[in-house]
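Mapping of the sequence shown onto my numbering: residues 971 to 1151, in sequence order.
Treat each hint with caution, since some may be false.
Taking lysine-lysine and the DSS-like style, the derived pairs with C-alpha atoms no more than 27 Å apart in a straight line are [said to hold, decoys possible]:
no. : residue 1 : residue 2
1   : Lys1011   : Lys993
2   : Lys1011   : Lys994
3   : Lys1101   : Lys1059
4   : Lys1100   : Lys1073
5   : Lys1059   : Lys1100
6   : Lys1101   : Lys1073
7   : Lys1059   : Lys1073
Quick caveat, the hints were computed from the structure, so don't treat them as lab data. A quick note: this is a predicted structure, and the numbers were derived from the prediction, not measured.
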Amino acid sequence: MPNFNLLRTETVDISRYLPAFVKKDPTMMILLDTYSWEHEKMRLVIVDVLQQFFVETATWGLGLWERYLGIAINDDDTIGIRRDRIMLKLCGTGTSTLSAMEKIVNTYGSGYIVEYNNQYYFNIYISTNKKRDLQEMRRQIMLYKPAHLGVSIYLGYSWDGRISFDGMYKYWSETVEWSDE
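Can you build the whole structure from these sequences, using the hints too?
What follows is the structure, encoded as structure tokens:
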């Protein structure tokens, strides 16, 4: 987490830099209080803008990060989910390992992966039923998985019910093969 203590952390009071007798004048104190408040507002704006340069502290700047990285913006997502997606994109996956794929899966819900190396595929077990999360997870998995491996997803892991996917398929708690379509 970035440390933003490069600027003062206490509320601005410019009267502390002046001799004590100046504080006794009511007109001067009104001016000093006004200038201190304006200075404090600017300090807070600077800190807020600096926070947007770091994904871990960004709030209103997350949309800028998402646009820069080409991530689909979903207004329903929490700040935490949006930060996770941005960090996933920034960090990439390097080598497509089991832990890298599980990191992608767990960005979109609770789940795990079982490899079948001798059969050249792996299964994803995930609990999410959010259509948009599944679409984004699929896009990420298909982007980062090794090209020679197939992938199946078990939708409904620890979840009872149905979901629609891409408006074309209905999935119950069953395994469905994903391919590059």
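Would you list, in rising numerical order, the hints stated earlier that this structure does not obey? none
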